[in-house]
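Visitor: Let the hints inform the model, and build the full structure from the sequences given.
There are 2 protein chains.
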Amino acid sequence: MTYCVGMIVDKGLVLMSDTRTNSGVDNISVFRKMFSWQVPGERMIAVMTAGNLATTQAVVSKLEERTKEPDERETTLLNGPTMFSVVSEIGKLLRSTIEERQTANGDRGKGRFTASMIVAGQIAGMEPRLFMIYPEGNFIEASWDTPFFQIGETKYGRPIIIRGYDRDMSFEDAVKLLMVSFDSTLKANLSVGLPLDLLVIEKDKFAPTHEHRVTAEDEYFNSISSGWGDALKSAFHSLPGYTFEPKE
Amino acid sequence: MTYCVGMIVDKGLVLMSDTRTNSGVDNISVFRKMFSWQVPGERMIAVMTAGNLATTQAVVSKLEERTKEPDERETTLLNGPTMFSVVSEIGKLLRSTIEERQTANGDRGKGRFTASMIVAGQIAGMEPRLFMIYPEGNFIEASWDTPFFQIGETKYGRPIIIRGYDRDMSFEDAVKLLMVSFDSTLKANLSVGLPLDLLVIEKDKFAPTHEHRVTAEDEYFNSISSGWGDALKSAFHSLPGYTFEPKE
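Chains V and E supply the protein sequences, listed in that same order. Counting from 1, one number per residue, gives the positions in the first sequence under full-length UniProt numbering. Counting from 1, one number per residue, gives the positions in the second sequence under full-length UniProt numbering.
FYI, nobody ran anything at the bench for these hints, they're computed from the structure. Hints are not guaranteed to be accurate.
As the list claims (entries may be wrong) - Simulated pairs of lysine-lysine, DSS-like, Cα-Cα distance not exceeding 27 Å:
1. Lys-11/E with Lys-233/V
2. Lys-203/E with Lys-233/V
3. Lys-187/V with Lys-203/E
4. Lys-233/V with Lys-187/E
5. Lys-187/V with Lys-187/E
6. Lys-233/E with Lys-11/V
7. Lys-203/V with Lys-233/E
8. Lys-62/V with Lys-92/V
9. Lys-110/E with Lys-110/V
10. Lys-203/E with Lys-233/E
11. Lys-92/E with Lys-62/E
12. Lys-68/V with Lys-92/V
Guide: In C-alpha cells, the structure reads:
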C-alpha cells in the first residue's frame with residue numbers, strides 16, 4: 001500500500017508521500033514515490049505514485065526519456081505548454097504502460113500492474129494546478145470545493161484533513177495537517193511507512209520552497225505523533241458528556 | 001455498506017450500529033442491524049450484522065426459529081450454556097446460509113451473499129464476552145489488547161477509537177467515543193447513515209441498561225457532530241507549529 005496526499009492552498013501546493021512498498025508483510029522496502037522536475041523561473045512539476053512499483057517506475061523513467069542518450073532527452077514534463085498538456089501525456093504513458101504489462105500476461109495480468117498518480121505544479125503565467133490520474137489514463141483536477149487528492153490508503157487520514165483544511169492556511173499549518181493525517185494512517189496500516197517525503201511549492205517561485213524527508217528520528221514528527229493522542233483526548237473531553245436517564 | 005462497533009469496557013459492553021442499506025447510491029433503505037435477546041436475570045445477548053441483507057436477515061430469522069410455530073421455538077441463543085457455544089452456533093448458521101445461496105447461484109454467486117457479525121453478551125456466572133464472526137463461520141474473541149471490533153466501513157472511524165479508548169471509561173464516555181467515530185464515518189461514506197442504534201449492556205444486569213435510536217434530530221449527536229470539528233481544530237492548533245528554515 002501507499003499513502004500520498006497533494007493539497008492546494010492559496011499560497012501554493014503541499015505534497016507528502018510515504019516510501020513503503022511491500023509484496024506481503026514479509027517483504028517490505030523503501031522506495032521514493034515523489035518525483036519533481038523544474039525549469040528555474042519557468043515551471044515546477046511534481047508527481048506522486050501509488051500502485052504497482054514496476055509500473056510507476058517505468059512511467060517515471062519514460063517521462064524522463066531514459067530510453068534515450070542523456071543529451072537527446074527532451075522530457076515532456078519540461079516542454080508541455082500547460083499543466084493540462086503535461087498531465088494528458090503522463091496519463092497516456094500510465095495507461096499504455098499498464099496495458100502493455102496486462103496484455104503481455106494475458107488473463108493472469110488482469111487487474112494487476114495498475115497504478116494511479118497525483119500531479120502538481122505550476123508553469124509561468126498560469127495558476128498552480130493539482131491533478132489525479134486514474135489507471136485508465138483519464139484524470140480530474142482539484143478545485144476549491146475539493147482542494148486535495150489522496151491515493152493509496154486514503155481512509156484513515158481523511159477525516160482530519162476534511163476537518164482541518166482551510167484554503168488560507170499557512171504552509172506550516174498545511175504541513176502540520178498532513179503530518180497528523182499521515183500519523184493516523186501509519187498507526188492503522190502497516191503497509192504505509194516512514195520515511196515520508198515532503199515538498200512545498202510556493203506559488204510563482206518555480207522552485208521547491210521546502211523539501212524534507214521525515215525519518216523515524218524526526219523530532220517534529222514524533223512530537224506530533226505523541227502530542228496528537230493527548231490533544232485528541234482533550235478535544236474529546238471538551239465535548240458535552242452523554243447522559244442516559246436510568247432505566248426503570 | 002454498514003458501520004457497527006462493539007466495545008468491551010470494565011463496566012460491560014457498548015454497541016452501536018447504523019441502519020443504512022443500499023444497492024447502489026440510488027437505492028437506499030433503513031434496516032435494523034442490531035438485534036438482542038434476553039432472559040431476565042440470566043443472559044443478555046446482542047448481534048450486529050454487516051454484509052448481504054438477505055443473508056443476515058435469514059440468519060437472524062433462523063436463530064429465532066421462525067420456521068417453527070411460535071410455541072415450538074427454542075432459540076439457540078437462549079439455550080446455549082456459554083457464549084462460546086452460542087457464537088459457534090451462530091457461526092455455523094452464518095456459514096451455511098452464505099454457502100446455500102452461493103451454491104444455488106453457481107459461478108455467479110461467488111463472493112456475493114457474504115456477511116459478518118459481531119456478537120456480544122453475558123450469561124450468568126460468566127464474564128461479558130465480545131466476538132466477531134467471519135463469513136466462513138469461524139470467529140475471534142475480543143481481549144483487553146483488542147477490546148473492540150468493527151464491521152463494515154471500519155477505517156474512517158478507527159483512529160479516534162484507538163486514541164480515545166480506555167478500559168475504565170464510563171459508559172457515557174464510551175457512547176460519546178462511538179458517536180464521534182460514527183460521525184467521522186458518516187461524514188466520509190454516504191453508504192453509512194442515520195439513524196444509529198445504541199445498546200449498553202452493564203455487567204451482571206442481564207438486561208439492556210440503555211437503548212437509544214439516534215435520529216437526524218438527536219440533539220446530543222448533533223452537538224457532537226458540530227462540536228467535534230471545532231474541538232479537532234483546537235486540538236490541531238494546540239500542537240507545536242512546523243517551521244522550515246528558509247531555503248537559500
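Visitor: Against each hint, give a clear statement of whether it holds in the structure.
Guide: Outcome of the hint check:
1. At roughly 20 Å between alpha-carbon atoms, Lys-11/E and Lys-233/V fall within 27 Å of each other, so this suggested pair holds.
2. Annotation: proposed proximity of Lys-203/E to Lys-233/V holds, straight-line Cα distance about 26 Å (limit 27 Å).
3. Restraint check: the Cα-Cα separation between Lys-187/V and Lys-203/E comes to about 31 Å, which exceeds 27 Å; the hinted pair is violated.
4. Using a Cα cut-off of 27 Å, the hinted pair Lys-233/V and Lys-187/E holds, with the two alpha carbons roughly 20 Å apart.
5. Of the pairs offered as hints, the one joining Lys-187/V and Lys-187/E holds, with about 21 Å between alpha carbons and a cut-off of 27 Å not exceeded.
6. In summary, the hint linking Lys-233/E to Lys-11/V is supported, as the alpha carbons are separated by about 20 Å, within the 27 Å threshold.
7. The hinted pair formed by Lys-203/V and Lys-233/E meets the criterion: a straight-line CA distance of about 26 Å does not exceed 27 Å.
8. With a C-alpha separation of about 11 Å, the suggested pairing of Lys-62/V with Lys-92/V holds against the 27 Å cut-off.
9. Restraint check: the Cα-Cα separation between Lys-110/E and Lys-110/V comes to about 18 Å, which is no more than 27 Å; the hinted pair holds.
10. Proposed proximity of Lys-203/E and Lys-233/E is contradicted: the alpha carbons are some 36 Å apart, above 27 Å.
11. Taken as a hint, the Lys-92/E and Lys-62/E pair is honoured in the structure, with Cα atoms around 11 Å apart against an allowance of 27 Å.
12. The straight-line distance between the Cα atoms of Lys-68/V and Lys-92/V is roughly 19 Å, inside the 27 Å bound, and the hint therefore holds.
Consistency with the previously given hints fails for numbers 3, 10, ordered from lowest to highest.
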